[in-house]
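Chemist: Protein chains in written order, with my numbering: chain A, 1 to 174; chain P, 175 to 392.
Source of the hints: derived by calculation from the structure; they are not laboratory data. Heads up, the beta-carbon is just placed ideally off N, CA and C, and yes, glycines get one too. The reader is advised that the hints may include incorrect statements.
[To be verified] Here are the simulated lysine-lysine pairs, DSS-like style, with alpha carbons at most 30 Å apart:
1. 362/P to 104/A
2. 83/A to 356/P
3. 362/P to 60/A
4. 70/A to 356/P
5. 113/A to 380/P
6. 21/A to 380/P
7. 83/A to 72/A
8. 362/P to 114/A
9. 60/A to 331/P
10. 226/P to 151/A
11. 130/A to 362/P
12. 179/P to 151/A
13. 362/P to 70/A
[Claimed, not checked] Short, incomplete list of chain P residues facing chain A, as computed with Cβ under 7 Å:
14. 185
15. 191
16. 217
17. 231
18. 233
19. 345
20. 363
21. 383
[Claimed, not checked] Calculated Cβ distances over 10 Å to all of chain P for the following chain A residues:
22. 47
23. 99
24. 133
25. 142
26. 168
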Amino acid sequence: MAEMEVKSGHKKGPGVKKSKKQSTRVDLTPMVDLGFLLITFFIFSTTMSQPTALNLNMPKDTQNKEEETKVKESGSLTLMLGKGNVIYYYFGMDPASMQTTTYKQVRDIILNKKRTTSAEDLFIIIKPDKDATYKNAVDILDEMNINDIQKYAMVDPSPQEYDMIQQTERAAGM
Amino acid sequence: MARGKIKKGSTFVDMTAMCDVAFLLLTFFILATQFKPSEAVNVTPPSSVSTKHAPQKDYFNVTISKDNEVFIDMDEGMRVEVLENVAKQRNLSFSPEDMELFKRSNYVGVPLNQLKQYIRLNPEEAGNVKMQGIPTDSTNNELLTWVTAAVNVSQGKIVNFLIKGDNSSMYTTFSNVIEAFKKNDVYKYNLVTNAADIPQGSELWKKNMAGLMGKEVE
């Protein structure tokens with residue numbers, strides 16, 4: 001401790017004045033104050049979690065029909081991202097069989113499809129429409145990573161599909 | 175039994191221990207700290223399970239704010255060259271002083287016709303200006319000009335194209351940004367996200383666990 005006891009060796013006589021014992025104790029309160037002030041500053045100015053990066057590779061746009069990626073009807077699952085965090089999905093090539101789901105439940109649908117289709121045939125088509133947010137798109141790309149889907153593509157919905165989404169949304173009162 | 179004298183209690187608390195703790199924490203925070211880079215707008219990126227860290231060098235970053243405004247910033251080393259290239263494409267001229275000012279400004283968030291006025295502002299004044307973002311519409315696609323300049327300048331070098339979007343920005347803006355990149359034959363992007371945990375039991379989780387097991391066996 002920051003204190004030392006000074007012991008006098010001899011007995012003082014009655015006339016000898018007692019010298020005041022000097023304390024060596026230092027008041028550390030201001031130093032602690034300063035320390036915590038600096039801690040507060042560093043806590044507020046720090047970024048603990050570094051941002052991560054999700055890789056996205058887009059294919060080259062092509063006008064040539066021959067170069068387009070062919071998708072097997074039996075292996076395709078189309079996810080259309082609509083307004084209000086809703087996903088519309090259908091299997092194969094028939095948009096009329098469209099069903100509705102949410103971001104929480106879409107994993108089961110993807111996994112079911114993955115289980116029932118061979119790995120080479122499985123292809124997921126992501127179609128974010130005009131009302132989808134950026135978060136929706138990243139979430140669904142993330143879902144592809146989580147479920148270890150090898151082949152997926154991001155394209156715009158066809159006008160016909162867009163109309164269907166609009167109709168469904170209107171029917172749901174959105 | 176003689177009772178001892180009651181000692182006068184001192185109100186002096188020993189601060190040494192507290193001081194020790196305070197400075198220990200202080201040391202930790204000084205060492206662990208990484209200052210937040212200045213941002214034009216406050217953007218909350220979505221989260222993803224990706225574990226790759228966003229590149230901090232040789233980057234060209236496109237930020238999308240929650241109001242769908244587009245801002246760009248890039249590595250300090252390429253700023254002057256990129257601005258020269260933009261000026262050449264658009265038949266504009268910037269004085270050496272403007273170049274120097276541009277090198278020091280962090281973000282570009284104004285259309286090209288306002289760029290000169292913007293970079294001449296003091297940092298305090300610049301902070302108060304509401305930036306309207308870089309136009310991305312098809313009639314005056316200035317983002318395309320910037321990206322073309324960055325691609326031209328970086329011949330032979332690797333540039334990390336980052337896209338940092340806010341959670342509530344619209345997909346269409348993101349799609350416009352991608353379009354500007356695609357027109358310059360850039361197909362690889364890094365989407366800046368916050369780290370999130372991989373859900374337990376998911377396919378990726380199983381794959382990672384299998385990888386870990388494999389390593390242990392080796």
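Chemist: Would you pick out the hints that fail for this structure and give their numbers low to high?
Modeler: Hint check: 6, 12, 14, 15, 16, 17, 18, 21, 22, 24, 25 fail, others pass.
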